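Q: What follows is the residue order along each chain.
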Amino acid sequence: MGFQIDKESLIQPVAQWARVLCVCFICAALAFPCPAQTADSPDSSEYLIKAGFIYNFANLMQWPANTFSSPDSPIVIAIVGTDTSGGILDEVLAGKKVAGRPFAVKHLKRGMDLKGCNIVFVSASETAHLDEILHLVKNLPILTIGETPSFAQRGGIINFIVVDDKVRFEVNVEAAKQADISISSRLLALAKIVPQTDGSKVQ
Amino acid sequence: MKFHNLSIKRKMTLITMLTSTAALLLFSVSFLIYDLIAFRHFLSEDLSTQAEIIGYNSAAAMAFKDQAAATETLAALKAKEDITAAVLYSPEGRIFARYNRANIAKMTLPDRLPPADGFRFSGSFLEVFHVVSLNGEPCGRLFLQSDMSQWNARAKRYAGLLLVFMVCSDLLALLVSSKLQNLISQPILRLEDTMRMVSSRKNYEVRALKFYDDEIGRLIDGFNTMLADIQERDTALQGANYELKSQTNELEDEVARRKQTQEELLGAKRAAEDASRAKSAFLANMSHELRTPLNAIIGYSEMLEEEIQDSGRIEKVEDVRKIHSAGKHLLALINDVLDLSKIEAGKMGLHLEHFEVAGMIEDIVSTLEPTIAKNANRLVLQLSEDLGQMHGDITKVRQILFNLLSNACKFTEHGTISLSVNRATAEGQEWIRFRVSDTGIGIGAEHQENLFKEFAQADVSIARKYGGTGLGLAISHRFAQMMGGQIGVESEMGKGSVFTVHLPAHVTTEAAGTAKPKQLSGRAAAEPEPKLQPNTVLMIDDDPAERELMCRSLAKAGFHVVAVADGEEGLRLARRIQPVVITLDVLLPGIDGWEVLSRLKADSELAHIPVIVVTIVDNELKRADCGASSYLIKPVNRDLLVKLIEKYSELQPSTSGGGVPVNV
Chain A
0 MGFQIDKESL IQPVAQWARV LCVCFICAAL AFPCPAQTAD SPDSSEYLIK
50 AGFIYNFANL MQWPANTFSS PDSPIVIAIV GTDTSGGILD EVLAGKKVAG
100 RPFAVKHLKR GMDLKGCNIV FVSASETAHL DEILHLVKNL PILTIGETPS
150 FAQRGGIINF IVVDDKVRFE VNVEAAKQAD ISISSRLLAL AKIVPQTDGS
200 KVQ
Chain B
0 MKFHNLSIKR KMTLITMLTS TAALLLFSVS FLIYDLIAFR HFLSEDLSTQ
50 AEIIGYNSAA AMAFKDQAAA TETLAALKAK EDITAAVLYS PEGRIFARYN
100 RANIAKMTLP DRLPPADGFR FSGSFLEVFH VVSLNGEPCG RLFLQSDMSQ
150 WNARAKRYAG LLLVFMVCSD LLALLVSSKL QNLISQPILR LEDTMRMVSS
200 RKNYEVRALK FYDDEIGRLI DGFNTMLADI QERDTALQGA NYELKSQTNE
250 LEDEVARRKQ TQEELLGAKR AAEDASRAKS AFLANMSHEL RTPLNAIIGY
300 SEMLEEEIQD SGRIEKVEDV RKIHSAGKHL LALINDVLDL SKIEAGKMGL
350 HLEHFEVAGM IEDIVSTLEP TIAKNANRLV LQLSEDLGQM HGDITKVRQI
400 LFNLLSNACK FTEHGTISLS VNRATAEGQE WIRFRVSDTG IGIGAEHQEN
450 LFKEFAQADV SIARKYGGTG LGLAISHRFA QMMGGQIGVE SEMGKGSVFT
500 VHLPAHVTTE AAGTAKPKQL SGRAAAEPEP KLQPNTVLMI DDDPAERELM
550 CRSLAKAGFH VVAVADGEEG LRLARRIQPV VITLDVLLPG IDGWEVLSRL
600 KADSELAHIP VIVVTIVDNE LKRADCGASS YLIKPVNRDL LVKLIEKYSE
650 LQPSTSGGGV PVNV
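Residue numbers (numbering that gives the first Met the number 0), protein chains in the order written: chain A, 0 to 202; chain B, 0 to 663.
Bound conformation, chain B alone (with noise of 0.2 Å):
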C-alpha cells in the first residue's frame, strides 16, 4: 500500500515514528560512535600505561639481562584477556622475552620498531610501543598487542541495547503519537463523516463540530459557512422552483382558457360560416324565387304585347311596354346586387379562355343594338387590325363593355356613341384598350371620384331620370381590377364623357378551373356534330310557364320543341329523339341539372349534342366543369336563347363557347 493513500491517522503515527525512529537512530549512532571512538582513545591510553607498568615492572631484568625475571613479568599478562601479545626487545633489536596467549597462534611482530612511544591500530588490534628504561637510562622496547576484545564486546553490547531502547521508544513513540494525533485526525475524521452524510442525503441543515481553534477549526468553520450559504440557496432555489410550478399551472390555467376560447371563437367562426352559407344559399334562393315570378313577368308581357300589336290594340301597347321594362329593370338591379355580393365576399373568380375579340364586341352591339336606337343614338366602331385574340375572363369584358355602352346610351340622346378599341404596349406588357364615348350629359369633376364606387351615382335625381342602380360602373371597376387592369374616366358637363378600360391582352391569375373552359370549347370545335333532326330541340325544365315561353318562341323560330320536367325523363327522350340542342334547367325534381348533363356527356351518342344550360343559380365552376356549351341565367333573352339555338342547330362549330349571360 502506498504511503499516500495510507488514512490520516496512519500518517501521522508513521510520521511521528519515523521521524523519533530516525532522531533517535541518529543519536544514537553518533554517540555511540563517539563512544566506542572514545573508547578506542581509553583502550589505547590504557594499553600505554600497561605497556609503562610492565616496561617499568622488567627494565630491571633488561638491564640485568634476566630473561627469566623478564618472560615471568610478561607471564602476568595472562590476566588481560584482551592481550595477545607482548615482547620485550633489547636495545640491540633482539627478542629478548616474549608472550602468547595461549589460544593464539604465534604472532607475526613487526620487523621494524618505532624509536618512541606510541600506538597503533593494526587491523583489528590495537599495538602499543614502550621505549624501556631503567632511571631514564632506556634499556630495551617493549611491543604490546590487544585484540581489543573490550571494545569489541562493547560494540556488541551497545548494539544490543540500542536495538532495545529503539524497539523500547518506538513503542513509547506509537502509544504516544496513536493518543495525540487524534487531537489532529479525529476532527478531520469528523468533518468527513460530515461531509459524506451532507451529500449523501442532501441534507444542508447539518452542521460539522467544531473541535478547537485551530486551523482545522478554521476550516470546519469554512465549511459551515459554505454549507449554510448551500443551504439558503437550495432554499432560494426551492421557492423559486415553487413559484415557478404555480407560474406554470397558471399558464396552463391560462393556456386551458385560450384554448377554450379558441374552441368558443371556432365554434363562432363555423356558426358564421354556417351563418354566411346559410346567407348565401338563401341569397341564391330568393333570386331564384325572384327570378322565377320575374321570368313570367317579362315572358307574357313580350308575348302580350306581341298579341297585343297583332290585335290592333295600340293604345294598350304601351302600358305593357312598362310592365316588360320595369320586370327587365327588376331583374338588372336583382343581378347587379348579386354580382356586387359576390365581389364583396371574394367569391367572384375569373375564368380565363382566348377569344377574338373582335367577335366578343361584334356579340355585344348585336345585343345592345335595340338599346343604341331606343334615344336615337349612333354607334360608330373603330376597330384596330391587329386586336386578334384575347386571354381573359370573356364574360367580365362583355359585362363591362356592355355596362358602360349601356350608360352611354342611356345619358345620350340624338348623340354619337363610339367604341374603339387597340392594342397597346406599355409597362413591358401588351394592353387592349376599349374606349367608350359618348356626346351626353356628361359628369361633373365633383362627382368623377365617386363614380366608381359603389351606389354612387352622380345625382341623386339621375335615378329617378335615368334609373339604374349605381352598381354598374362600380362592378365594371371590379372587375377591370380583378384582370390587372383599370378604368379612368374623363369628362365634361353637358359635352360627354370619355371611358376608358386597360385590360392586359393576357390576363394572369391563380384562379383554379381556367383551362377548363378552353377544354370545352376546343372538344366542341373538335367534334362535328351530324345533322340528323335539325329541327328539334329538347327542353328540360321543371317550370310550365318557363317551358310554355320558351316553346312558344322556338316555335315562332321553326323548331320542334320537346319539352319534359324532370332529367331521367330527359335523358331518355334524349335518347330515342336525337335533338340537335338540349336546353338543361339545374334546379330539377330527382337528379338534379348538372347530374343530367354529366350523364349526357357520358353518354357516347349523346355527348356530341350542345347543351345549354338555362338556370338562376350562378354556379360558374359547376358550369365549367361539367361541360355545357352555353350557359344562359334566367330569366331568358329569349333572342339570343333563338339565335345560340341556330347556331348550334346549324353545326356552326363554337369558337368562342361563352354563353352571354343577360345583363339588361
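Same shape as in the complex, but just chain A (with noise of 0.2 Å):
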C-alpha cells in the first residue's frame, strides 16, 4: 500500500485529491501568511507570522480550569495601545478556534480593565507603560505577550524578538508560572527563556 497514483484510474479521484489539495492550500495560505522576508511590505508580513505564533501559543497552552464559563466560551485576546499590524491580527484570528473556542479580539486603550481578557498583546507603542500595565494583569492567569525588548524581562510572559530576520519569542517561565498558566514544553523547546528581572531598570 502506497500512494502510487494510477493512470490508468478514474479521472474523479484524481480532480477529488486535487481540490482537496486547493483548499489545504488556500487554508495554509490563510493560516500561515508568507513569512516576512518574502512578505509585500515588512510591517504586514511581520504581523502576518506574529498572528499565527499568536494562534499557536494559544494552542500550546493551558489557562486555569475555571478560567472559561463554558466550553465554548471564547478566547479573548485584548490588544493594548495602537495597533501596529493594521488590523491583521483580527483579520487571522477572526476565524480560527482553538479547542472548539473561537478568538474575540478587543481593542483596549491603556488603563482599561483588562480582567476579562485571556490574552493580552502590549503594542510596541506602549513600550513606556509596560510596568504600568503588567502591574494591572500581575496575578491572573492572563497571557501577556508583547513586542518590545526586555518585555519578558520586566514580568511579560512571552516577548517577540527578531532574530536574523526571523521572528522568534522570549518566555518568562516565572511569570507564567504567577500568572498560573502552564505552557507546553514543545513551545518552550523552541522559546528562548529569560529570567525575570526587576521591573525598575528601563533602557
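In short, the hints are calculated from the structure, not lab data.
Nothing here was measured: the structure is a model prediction, and the numbers come from that model.
Don't be surprised by glycine CBs; every beta carbon is placed ideally from N, CA and C.
Wrong hints could be hidden among the right ones.
Partial pick of chain A residues on the chain B-facing surface, computed with a CB cut under 8 Å [unchecked claim]:
{"#": "1", "residue": "Asn55"}
{"#": "2", "residue": "Leu59"}
{"#": "3", "residue": "Arg185"}
{"#": "4", "residue": "Leu186"}
Below are the EDC-like pairs computed for lysine to aspartate or glutamate, each with C-alpha atoms no more than 20 Å apart in a straight line [what the hints assert, rightly or not]:
{"#": "5", "chain 1": "B", "residue 1": "Lys327", "chain 2": "B", "residue 2": "Glu305"}
{"#": "6", "chain 1": "A", "residue 1": "Lys96", "chain 2": "B", "residue 2": "Glu136"}
{"#": "7", "chain 1": "A", "residue 1": "Lys95", "chain 2": "A", "residue 2": "Asp71"}
{"#": "8", "chain 1": "A", "residue 1": "Lys165", "chain 2": "B", "residue 2": "Glu305"}
Combine both chains into one complex, guided by the hints.
A: In C-alpha cells form, the structure reads like this:
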C-alpha cells in the first residue's frame, strides 16, 4: 500500500485529490501567511507571522480550569495600545478556533480593565507604560505578549524578538507560573527562556 | 546410481529424509515468509509510529518556522540506524528541514507528496509519509525512509537459522530412519538371504524367519507355504524317481531275461535247423541208400528177364517180372515221399523255361506207351494247332500229366483214355488246358473232396488192388498250385473220370535261377558238335553195378562205353577219347560230380560234349548252375538213357533240353 497514482484509474478521484489539495493550500495560506522576508511590506508580513504565532501560543498553553465559563467560550484577546498590525490580527484570528473556542479580539486603551481577557497583546506603542500594564495583570491568568525588548524580563510572559530577520520569541517561565498558565514544553523548546529581572531598570 | 536400484535400506532412509526435509522446508519457508511479511508490516507500523513521534516533536518547530529546532529534532534519528533519510516539508511543499544518514549519499526525494498519511515500499526502502499537525492543525509533512536493515538482518539470520535447523533435523531424521527402517528392511533382507540359500543349495527344508504380523510377515508366511509345497513335491518327485529307477531296473532285468530267452530260442532254432538239415541229409542219403540197391534189383531183374526169355524158361519170366515191377513200385513210392517232403518243407522251387507243349506231350506218350498197353487201353490225343510254346517248369508239367495219365491207365481196363490240350484265354491271361478223361471205374462224389489230399485214396481197398501211394494227385495238385494253376475233377462211379488241369501259358514267379536253364538250352542249341567218335560214351560212376548195367544196355544199343570210377580219371579220359556223350554220377570219391562237370565246361576242348548227369541227389539248383545237358535220377530208365544218348550222338540240337525224371 502506497501512494501510487494510477494513470489508469478514474479521473474523478484525481480531481477530488486536486480539489482537496487546493483547499489545503488556501487554508494554509490563510493560516500561515508568507514569511516576512517574502512579504510585500515588512510590517504586514511581520504581523501575519505574529498573528500565526499568537494562535499557536494559544494552542500550546493552558489556562486555569475555571477561566472559561463554558466549553465554547471565546478566547478574548485584548490589543493594548496602537494596533501596529493594522487590523491583521483581527483578520487572521477571526475565523480560527482553539479547542473549540473562537477568538474575540478587543482593542483597548491603556488603563482599561483587562480582567475579562485571556490574552493581552501589548503593542510596541506602549513601551513606556509596560510596567503599568504588567502590574495590572499581575497574578491574573492572562497571557501577556509583547513586542518590546526586555518585555519578558520585566514580567511579560512572551515577547516577540527578531533574530536574523526571523521572528522568534522569549518566554519568562516565572511570569507564566505567577499567572498560573502552563506552557507546553514544545513551545518552551522553541523559545528563548529569559529570567525575571526587576522592572525598575528601563532601557 | 539410480534411485530405483538402491537397496531398500537406503531407499527407506532416503524417503524418510526427503519427506521430512520437504515438510520441514515447506513449513520453514512458509513460516519465514509469513514472519518476514509480518515483520515488514511491523516495520511499517514502527516507522509510522516513529514518523508520528517525530512529527509531534517537530510540529511546534514547524508551526513557529524554527528550522534549526526542526533540523535538531530530525538529527535525533541518528540513533535509528535503519532510517536513511527524513525530510520535513512546509505546508507549501518546500523542504523545511532534512536529515541524511552520514554514510548515505544524497537521496532523491519524492517530487510529489501524498496529502495523507501512509507508507510504501520503494525498492529496498520503506517510505512513510506523515502529516505533521499541531493540535489537529496541519503544519507540514514528514517523509521518512528506512533501508529495512533490520528486516534484511532478520531475513539473513532466519536463513542461517533455517539452514542449521534443516541440517540438524536431517541428521536427526537420518538417525531415526536408519534405526526405524530396520523394522521393514530387516525382514526383507532376511527373506532374501533365505531365498538365496534355498536357490543356491536347493535346500527346501529352510524356512524364513517371521518377525512381525504385517504384510511382510504374511509374505514370509506365503513364501514358507510355497517352500513347503515345493519340498513336498520334491520328495514326491524323488520317490517317483526311485520308483522309476527300480522299474527301469526291473525292465532292464526283464530285457536281459528276454535276451537270454531269445538267445536260447536262437540256439534252439539253430539246433532245429541243424536237425532239419540233418534230416534232409539223412533223407537224401537214405534215398540214395534205398535207391542204390533198388537200381541193382530193377536192373538185374530186367536183365534176368531178358536172359530167361532168351533161354526159353518162360515159366520163370513172370516171377522176375514181379520182382521188377515191385522194385519200380517201391522206387515210385520213395520218389513220391521225397517230393512231398520237399513240398512240405517249401524246398520245391520252380525252374521256368520255354518249351514246346506238343513236343512235351509226345515225350510223355512215348514213355507211357507200355503203361497204356498194359490194361489194353487206347490213347486218343487231341492237340489243338495253336498250342505253341509254354513258359513254365517243364518237369512239373510233365509230372502232372504223367501222374494223371498213369492213374487213368491204372483204373481203366479195355477202355479209352483221351488227352486233349488246348489254349484258352480267361481272366485276361492265356491258359493251357489239359484234359485227361478215361472210361474207368470212376470216383464217388464222397471221395472227390479228398482226392487231392495227401495219402487219401478213394478207398483203402484201392491201394491193395491197384497199388500206389495216393500221393500222385496230391503232388500234382501242389505243382499246379505252384505254377498258378489248378486241377479239377468230374467223375461218376462206373463211367469214368475227367481231370482238367489249367496252367498259365506264362507262369510267373520270383523263383531264382529261372533264366539259367534257358541259357543252358540256348547254348546247347547254339554250339554245333563235330562228329568225332560217334559211338564212344564215357561213363563216370563209382557204383560197379551201375557201370556194368549201363555198359550192357549201351553196348546193346551199339555204343562203345568207357567207364571210370573217379572224376580225375574221367576228365583225363574225356580229353583223350573225346566221347560223344558223358554220363556223370554226382556222388564220387575224390572230386564230386559237380566239380567234374564244371571242369568239363571250363575246358574248351570238352565244353561242347553233352553231359548227362545221373544221380540220386536231386539238386535242381545245382544242376541248373553247372550246365549239364540232361539230368537223370537213379535208378535210370535205361530205354530213356539210350534214347537220350542216341539223340545227342546224332548231333540233334536239344531245344527242350530237359531230362525226364523217372516217375513210374
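Q: I'd like to know which numbered hints this structure contradicts. Please list them from smallest to largest.
A: 8
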